[in-house]
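*Asks:* First to last, the sequence lines map onto chains A and B. Following our numbering, the numbering of the first sequence begins with 1 at its first residue and continues without gaps. Following our numbering, the numbering of the second sequence begins with 1 at its first residue and continues without gaps.
I should point out that these hints are in silico values taken from the structure, not numbers from a laboratory. There could be a bad hint or two in this list.
[Claimed, not checked] In the SDA-like style, the derived pairs of lysine to any residue whose C-alpha atoms are separated by at most 20 Å in a straight line are:
{"id": "1", "chain 1": "A", "residue 1": "Lys126", "chain 2": "B", "residue 2": "Gly278"}
{"id": "2", "chain 1": "A", "residue 1": "Lys126", "chain 2": "B", "residue 2": "Ser49"}
{"id": "3", "chain 1": "A", "residue 1": "Lys133", "chain 2": "A", "residue 2": "Leu174"}
{"id": "4", "chain 1": "A", "residue 1": "Lys133", "chain 2": "B", "residue 2": "Leu268"}
{"id": "5", "chain 1": "A", "residue 1": "Lys133", "chain 2": "B", "residue 2": "Gly278"}
{"id": "6", "chain 1": "A", "residue 1": "Lys126", "chain 2": "A", "residue 2": "Ala167"}
{"id": "7", "chain 1": "A", "residue 1": "Lys133", "chain 2": "A", "residue 2": "Gly180"}
{"id": "8", "chain 1": "A", "residue 1": "Lys133", "chain 2": "A", "residue 2": "Asp175"}
{"id": "9", "chain 1": "A", "residue 1": "Lys133", "chain 2": "A", "residue 2": "Ala149"}
{"id": "10", "chain 1": "A", "residue 1": "Lys126", "chain 2": "B", "residue 2": "Asp262"}
{"id": "11", "chain 1": "A", "residue 1": "Lys126", "chain 2": "B", "residue 2": "Arg455"}
{"id": "12", "chain 1": "A", "residue 1": "Lys133", "chain 2": "A", "residue 2": "Trp89"}
[As the list claims (entries may be wrong)] Output of the computed footprint for chain A on chain B, the stretches with three or more beta carbons under 8 Å from beta carbons of chain A:
{"id": "13", "segment": "164-170"}
{"id": "14", "segment": "244-252"}
{"id": "15", "segment": "270-284"}
Just so it is clear, the structure is predicted and the values come from calculations on it, not from any experiment. Built from N, CA and C at the ideal position, the CB exists for glycine as well.
The primary structure of each chain is shown beneath.
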Amino acid sequence: MDPVIRCSELVKTFGATRALDGLDLEVEAGEVHGFLGPNGSGKTVTMRIILGLLRADGGEATLFGGDPWRDAVALHRRLAYVPGDTNLWPNLTGGEIIDVLGGLRGGLDDARRTVLVERFDLDPRKKARTYSKGNRQKVALVAALASDAELLVLDEPTSGLDPLMEAVFQDCILDARAEGRTVLLSSHILAEVERLCDRVTIIRRGATVQTGTLDELRHLTRTTITAELRDPPSGLTDLAVVHDLQIDGHRVSFDVDSSDLDEVVRHLGPLGVTSLTSQPPTLEELFLRHYGDELADAGVADLVVEDGGA
Amino acid sequence: MRSLTGLGRLVRLILRRDRVRLPVWILSLGGIVLGSAASLVPLYPDQTSIQQYVELFGDNPALIAFAGPGYGFDDPNLGVILVNETQLWACLGIALMSIFLVNRHTRAEEEAERTEVLRSSIVGRHAPTAAAVVVVGAAGAVLAAACGVGFIALGYGVTGSVAFAAGLAGCGLVFTGLAAAVAQLAGSSRASLGLSTAVLGAAFVLRAVGDIADSGMRWLSPIGWSQGVRAYADERWWPVAVCLGATVLAVVAAFWLATRRDLGSGILPQRPGPARAGRWARSPLGLAVRLQRGTVVAWMAGLALMGAVYGSIGDDVEQMIEENPTFGDIVAQLGGADVTDAFFATAASMQALLAAGFAISAALRIRSEEAAGRVEPILAAPVGRWRWAWSHLLVAAVGTVLVVAAGGFGIGSSYAVVSGDAGQVLRLTGAALATVPAVLVLAGVAVALFGASLRLALAAWAGLAAIVLIELFGELLRLPSWSRAVSPLHHVPGLPAEDLRALPLLALTALAVALTSAGLARFRARDLQVG
């Protein structure tokens, strides 16, 4: 089956700024796809191209196999969108705006709408001008989630939500996945992405640097091993696959590529392992790995060393 | 005075933010007042013509309501006419300027959550309000002073010009203070604007009733105080002191109210709205109607009221023109056998200029929706750009027809009462509608510019300003005759004085449609300009 969203080699320039520079993104049907990148890396621009609000200068984007610019109206029947910065009509109430956005999409599921308004603890009788950022975000979320769209395009949907509402949101996305909907989720909250997403794409300066399932991404990076040994650690220093070795008496700690784990464990065995912890890289480490030089520029040195001086 | 800490910095911040806005307000209001003042000089060259003017105005309640008490009519001079023609409108203008600017820098700032950031730094509780009052009060004073100096330069009496300016500045100050106090009361920026404007409306009505009945009711109105200086007619100065006193009271009240409420909330209660939308929410057209209907109704009421004033003097026009040859010349140039009809044709084109203001702002609603990012969720729904834009433009076009018709209806119905001829209602409403195609051309220009870019779209206002200049002051400024042809209104047959010719109206309509379509075609091909 064709992917729901496919972008290849997307280029978009604004004057002298190259916002997208050969970006690739593929979202399969039924998956929750995390879209990660620092501010200004091109996430929102990509989403707007997918929605036909902007036109790509180069490369190709398809949505449900169609052209997002030319077939915008037909394709939009099948998706719902939550913008990163939700701007609402100040003189309409939250409830009215949910109905406007739903009505344009051909109507909402009323039962689901009622449940969502309640779950997100939203007062629909307040004028939008009195809403906080979090409440504006809730209006857009309820309108999108109460629709029966096959695809949800969510641009940092939880910025401004409190942890309680963040948990409600995560439940809603898991429900959506269970219903077989496809979700493209851009986010800065890596724990959220780790919990919700089947696959992630990490971009940087308008280009994709890595894409795959979290397991696949982890596989490409090193695991941190900490072990207590009965015998003094010997020979570990000679192993080429061991990085950043630290020895403290009988206690050792080092990093190892996932593909070399087997060899290291076989070497540790004869030394008599009394305790062993293996720590796969967190998404945060995966993410930061790609921005080592930017972090260094910003004066954040420690994190760079941690992933082996990449 | 720790509650005013940071005042100087905040004043500089406002001046920096409004470095364009303030001069535009001052120059445009000052330009209109001084333009009118200049145009009166050749119209009333001698004492006879001045006397005729005074006789016309002396006993017409509709004219008194829209001019003033007529101080100095017993021993008139040109200055008295200047006061009667411009003072009320100058007062309304400066009051609106004060209300808009004060609200912009108090309540609107609070709503945008910028006041919060400022107040969290070393800034006193009342400093933001005080800074707005200082800047806006000063802007009003500069505007008033410029008018005063301009009057003197045009040859009006010095003492009277100073009194006019002092009263005007006083009016600006009072409404600056009132707007600051109201900003504390209302629950939102929009409500604050509405409430302040309502206070201005009440001030207008109180002095209108007071002037017509020649009663003390006029002293309940700050506009009445401003007119009470009796510029060019035995001036007195204590009303200026009343204005200053009221301003101080209002500002003190604003400070006091500010200590009794939380940042972001009002003193007046907020009413909850409907939890569900009506049927209108199902289509972009329904949404466009819902968003614009209030504005359309307000413009209809305004033009109908203005039309009623024009209509009420319909019977006096003939006599007025017979007695003042200069007037006669001007009306004759507009072409027509019947002077009353020629007058109504002029009134219709005046109203068309105002309606063009509505038409452009209604058409540019698509611009403000795009600029504010509100179009993004709509176009992400299965709604195409063409359909979305046309929804708003259809509302703008129908709204324009309604607004113009309301103006014509106002003229027609009040003239029908004065002349006892009920047929005038339909006749003059129809005459006004002949200007609709020309008005739509101006809206079409706005859409054409919008298609190119959001910034460029604002140039439509400069275009309207140029056309107002050509239509109102073209004669006075001796602009070349070809410049008049630039104005679409120039090509409209001057109904009811002239015969209806279909060709120019059809051509103008076609031009409006072509400009709009060209603009939308470009809009569909360009990137959305959001965030």
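*Asks:* Each hint needs a verdict: does it hold in this structure or not?
*Replies:* Do the hints match the structure? See the list:
no. : hint                : result
1   : A:Lys126 - B:Gly278 : 16 Å, holds
2   : A:Lys126 - B:Ser49  : 60 Å, violated
3   : A:Lys133 - A:Leu174 : 24 Å, violated
4   : A:Lys133 - B:Leu268 : 24 Å, violated
5   : A:Lys133 - B:Gly278 : 25 Å, violated
6   : A:Lys126 - A:Ala167 : 24 Å, violated
7   : A:Lys133 - A:Gly180 : 30 Å, violated
8   : A:Lys133 - A:Asp175 : 25 Å, violated
9   : A:Lys133 - A:Ala149 : 24 Å, violated
10  : A:Lys126 - B:Asp262 : 18 Å, holds
11  : A:Lys126 - B:Arg455 : 33 Å, violated
12  : A:Lys133 - A:Trp89  : 14 Å, holds
13  : 164-170             : violated (count 0)
14  : 244-252             : violated (count 0)
15  : 270-284             : holds (count 11)
Checked against the numbered hints given earlier, this structure breaks hints 2, 3, 4, 5, 6, 7, 8, 9, 11, 13 and 14; the rest are met.
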